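4 protein chains.
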Amino acid sequence: MTEAEQAAAALEGLPVEPCNAADYERLARESLSAGAYGYFAGGAGDEYTLRDNVDAYTRWRLRPRALVDVSEATTATSVLGTEVSMPLLVAPVAFQRMAHPDGEAGMARAAAAAGTIMVLSTLATATPAEVAAAAPGAPRWFQLYCFRDRGVTRALIDQAEEAGFGAIALTVDAPRLGRRERDLRTGFVIPADVTVPSFAAAAGRSTDFTPADMFGLMDPSVGWDDLEELASGSSLPVLVKGILTAEDAALACEHGAAGVVVSNHGGRQLDGATATIDALPEVVDAVEGRVEVLVDGGIRRGGDVVKALALGARAVLAGRAPLWGLAARGEQGALAVLELLREEIELAQVLVGCPTPESLSRAHVARAAV
Amino acid sequence: MTEAEQAAAALEGLPVEPCNAADYERLARESLSAGAYGYFAGGAGDEYTLRDNVDAYTRWRLRPRALVDVSEATTATSVLGTEVSMPLLVAPVAFQRMAHPDGEAGMARAAAAAGTIMVLSTLATATPAEVAAAAPGAPRWFQLYCFRDRGVTRALIDQAEEAGFGAIALTVDAPRLGRRERDLRTGFVIPADVTVPSFAAAAGRSTDFTPADMFGLMDPSVGWDDLEELASGSSLPVLVKGILTAEDAALACEHGAAGVVVSNHGGRQLDGATATIDALPEVVDAVEGRVEVLVDGGIRRGGDVVKALALGARAVLAGRAPLWGLAARGEQGALAVLELLREEIELAQVLVGCPTPESLSRAHVARAAV
Amino acid sequence: MTEAEQAAAALEGLPVEPCNAADYERLARESLSAGAYGYFAGGAGDEYTLRDNVDAYTRWRLRPRALVDVSEATTATSVLGTEVSMPLLVAPVAFQRMAHPDGEAGMARAAAAAGTIMVLSTLATATPAEVAAAAPGAPRWFQLYCFRDRGVTRALIDQAEEAGFGAIALTVDAPRLGRRERDLRTGFVIPADVTVPSFAAAAGRSTDFTPADMFGLMDPSVGWDDLEELASGSSLPVLVKGILTAEDAALACEHGAAGVVVSNHGGRQLDGATATIDALPEVVDAVEGRVEVLVDGGIRRGGDVVKALALGARAVLAGRAPLWGLAARGEQGALAVLELLREEIELAQVLVGCPTPESLSRAHVARAAV
Amino acid sequence: MTEAEQAAAALEGLPVEPCNAADYERLARESLSAGAYGYFAGGAGDEYTLRDNVDAYTRWRLRPRALVDVSEATTATSVLGTEVSMPLLVAPVAFQRMAHPDGEAGMARAAAAAGTIMVLSTLATATPAEVAAAAPGAPRWFQLYCFRDRGVTRALIDQAEEAGFGAIALTVDAPRLGRRERDLRTGFVIPADVTVPSFAAAAGRSTDFTPADMFGLMDPSVGWDDLEELASGSSLPVLVKGILTAEDAALACEHGAAGVVVSNHGGRQLDGATATIDALPEVVDAVEGRVEVLVDGGIRRGGDVVKALALGARAVLAGRAPLWGLAARGEQGALAVLELLREEIELAQVLVGCPTPESLSRAHVARAAV
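Chains as they are written, first to last, in our numbering: chain Z, 23 to 392; chain V, 23 to 392; chain A, 23 to 392; chain X, 23 to 392.
Derived from the structure by calculation, the hints contain no laboratory data. Owing to the predicted nature of the structure, the values given are computational and were not obtained by experimental measurement. Incorrect hints may have been included.
One-sided excerpt, in silico: chain A residues whose CB lies under 7 Å from chain V [as the list claims (entries may be wrong)]:
#, residue
1, ARG198
2, SER254
3, LEU258
4, LEU266
5, ASP270
6, ASP300
7, GLU304
8, VAL392
Over 12 Å on every C-beta distance to chain X, these chain A residues come out as not near it, computed from the model [stated by the list, open to error]:
#, residue
9, THR104
10, ARG172
11, ASP180
12, PRO219
13, ALA223
14, ASP241
15, ARG312
Ideal placement from N, C-alpha and C gives every residue a C-beta, glycine not left out.
When you get a sec, could you build the whole thing from the sequences and use the hints?
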């Protein structure tokens, strides 16, 4: 249903209960300020990559197999050895309390209830400890930026390790903050009451600074040796998040990465960068099974997840989709989106003839005809 | 003529007598409730496959041959040995009484008058016997779902055999019901007075249950062995409906199918699945002439049929097109649409230089330039 | 300038003197009845081929060469040995008096003044003799349909020969009349006072019959032998108009054709047929220089002509473009359009680095990037 | 943000400070007459090439490399041995006083302040001496047309040499003026007070003549020998501006060019010509490193520049972008646009993992998936 059809339906007095992630975005847009909505929804520059992340999925077609026994279909799988209810994790998103008072704690509870992993942002409005307390038994990962002051980086890792986080996802596509023009147009600034206590503590700073300030502290000279040092200096596996090329995928494997996340930061950093699902195949080929490959960006439907797995991803990360749930209805909204996506994944698996995520293969997808 | 031009024409007081299948859809939309129209017109998910079924035909071009003697042009052909007036059959569509009181009986009479085969749905609002009585001498096929309770399946086959149906089309793309969001938005449910007596009788159930209930009874564990058993246990030839890959086409041939229907259930099951006309060539290649190949989905014009035949189909099935005729004007409307399509097929054959359906070949089509 | 911008310009009181063929179409649309405009502008079926004829030109790019001496640039060339001022002829269009009282006589004078050949339609509202009298010294060709009654065909040829026509263009893409739904919607019929005296005389009929009637007299059994007979039975060279494939191009050469016109009847016959400029290369290759190749359909700009010549055409035929001129402003309008096109061709030649039409080559075009 | 969103933002009272080149175009459109805006913004014919120059950049994707040390990133580079602050020069644009009273002098000061080269048009409204005086120490090049009267050409070169210009860019894509229909529609003529003193002096003419008159004085018979003569007869290096093919690129190298500018005159000459970024690769291949290759047309973003450099350009030229700045806000506006572009280039370099312009390579781009 297009937005226009939605509007028409609403005019006719029909109930328009959200029935997919796009519906939750519509609700979120209504409940957020223009600035906050723009911050979460927007991308860099002309937003080509933002849009292409989504569009690129439509350039792949599913090749369903018939008469396969799917009576015992399940979306359950594992990622880096951790059992999850589905091959979809919650991607790191900064400033979740700006979306809803439930914030990262609410998101953590939703992820736990949905049976999957939440990845907490360095720029979270809740500390790793708070998130751990919100969903004690649930698996969780920590997204990390590398700072000029290695002490800050180390302090963040320490927080994560102490709070029982199971992996580190090192973001490597943000040596500098992308240019997000929606924010310039709305004059958006992070509200004063939206603070990032964990990062502030690690940095020994008060909390009244902007994302640009924070990015100013990050280290633009980080190299592959730093990854190796980080990987060997932590008890946690380190995934490299922000890989778009075969070359870097191979380097990640060679320098100690436990996994690779094909990502362009949700289209928020380099406009014009390859859509993630288009970059996935070359990354998978280059990795040659040495580590697990994940992908984020543009995931709106269960069918997208199935395409990504068929192209070789172990799982996907979704950021905006559960965030729209959180923004619209707090923790329950985030959970509702995650449950919807899990159901869509299971249905797509069943209809493509794959009882398990592992049974998806390259033969289940093909480029769309042009 | 676009919808806008249609509207403009109507405003100018011009007569807008329906002159093609799209016109009948417009009339049907006016005469049906939003819910019923959405049920028949809609597809799964974001309806990419629904739209792509239609769009994909525009990505093929016809290569017409000149100075061929087409003075004796005919659309008459045969399908599985049955003579038909044209290479277009009426596809199975559930709940036809919801479209018009004439229902499946009216459709059967229209198909008979048009000289072609009607395929009756398992979820029909008329029994096989009623349909047979409505058009006694006409050829008819029966569409079958496979149920967990094999007795239900067997009872349905028995009904079809007793009523003189000539073939079974076993649907294999619906181990679970697709997610049709139009229905969720309109809050559509099958009206209480729309019953499926044949299926109810076979299942030993009263008639107040939903499509989801019915799909719940279907067997998601059906495999190729079941096809073999079905094919060998019935006097009727069994076509496998819902094939989109070369792999499954070959398996169907090996397991006793008498024919293959390239279908994605009209875009109503797996959104993102290949458009049927794009899947047809690989299926035809894999079948290697062992059985007849049919195709459905996206057929709106005689030229579409000609393209399908040139790509190797023996015939096509059209569901929505005659249904819009039925919805708009009952049996006469359905017949009008079938006659229009037959005329369009004949005209397209003549203009492409093929006096018979059999004279169409791969050389009569080419991919559109991009 | 889009139509919307045009409208805006007009609102601002700016002079909007027609400056290209599209402008003349706009004026023609204003001066014609909806029915007559639809008849001339429309195509068959969904008008895919009608639109694609135009769009296909945009899928080719020009590769201009620099620092070529173009000080003596000329568009003058020859077609079948006849000198013309430019590689663009006036295509046959029926019923030109329905566009403007000047009719075919006016068009003939315009073509003569522009220095090019007019091709007169069998279904003209002026006789060959009248057209010859209107522009005595000018070169002219005659478009021919082949009728069941070969006497009719012969009588038409006789008229053309007597009136000094220099070639016959035999239309081979119309064994039956295409389905033009615009006419069905507007309820268009040829007005009673629009008569085709030449054809009526040849057929020994009064003039009150429809295009469908006329097409009913045509012979759908014509074959390549008939072409051979026609070619050998006339003193005039015979071009075959309506070729879209390499196969037919070769057959035309083998059966006595003096030239081939790549044409799909302006998108008015088989909807879905290849765009003419996309079919041109394979025809040129198949002809191997044995005869001259012309192309029509979709010509709106001088740059289109230059692309066609670069792809191997000797010249193009334009039907609608000069017709819009005729409809808008009679003979002077037709001449204005022809002059505009000649200027555009010359400018495109100069800018692509080709002082003569003959200097255009395959290296001056390339497929557009996708 | 689309124009519609812009408008919406403005309605909501949000500050809409220009934040990219497109914003400056919007402001320029408001401050210029329709005729002047159309003159600067427009292209030839249907403006396919005008649009395609921009669109073509979206058909390339960036392949960013991670974990590269970009702490010392710089956009500084050299072009023909001249140090510049960034790989973007100001392209020649005629009649800049028509955009703003600051005219070419203002543009020269803006370019100097931005640290880059301005290329002055033959049809400038300021003389080379005035431009030199406006920005004494800054590097500057002179764009040259070749006139029938070689004395005019020579006089222009003399002016440029005396005023300390460092190179000549000989335009070779304008043997005749392109057909710019926007000007015909707005009835645009160069205002009487917009004069071209340098060209008038060289031509020994008063200043009341039109662009068409001026183009009438140009020599359409110029050939490669003339380039050779020009190159050997001047102390300045001569770049050939207006090359779109490998063939001409090779010829330019063989006939003494010091550089090649891949250009289609901003889409203002031959409509249908290849988009410049699509032509760049074949030119780079043909040049084989013998001379530097520049490219103009369609540059709107820093990411475009990065793509061009990755495809082998030494630098790009931007005409309209700084002109919109000049038109909107005079010299300061032009400088603001150049600074914005420099910042965007640096950001794109950093995010693609290239600390210097020279580190960009073919591996940093790929065709977009279709």
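Verification of the hints:
| no. | hint | verdict |
| --- | --- | --- |
| 1 | ARG198 | holds (5 Å) |
| 2 | SER254 | violated (16 Å) |
| 3 | LEU258 | violated (19 Å) |
| 4 | LEU266 | holds (6 Å) |
| 5 | ASP270 | holds (5 Å) |
| 6 | ASP300 | holds (5 Å) |
| 7 | GLU304 | violated (9 Å) |
| 8 | VAL392 | holds (5 Å) |
| 9 | THR104 | holds (28 Å) |
| 10 | ARG172 | holds (45 Å) |
| 11 | ASP180 | holds (44 Å) |
| 12 | PRO219 | holds (40 Å) |
| 13 | ALA223 | holds (44 Å) |
| 14 | ASP241 | holds (41 Å) |
| 15 | ARG312 | holds (29 Å) |
When each numbered hint is compared with the structure, violations occur for hints 2, 3, 7.
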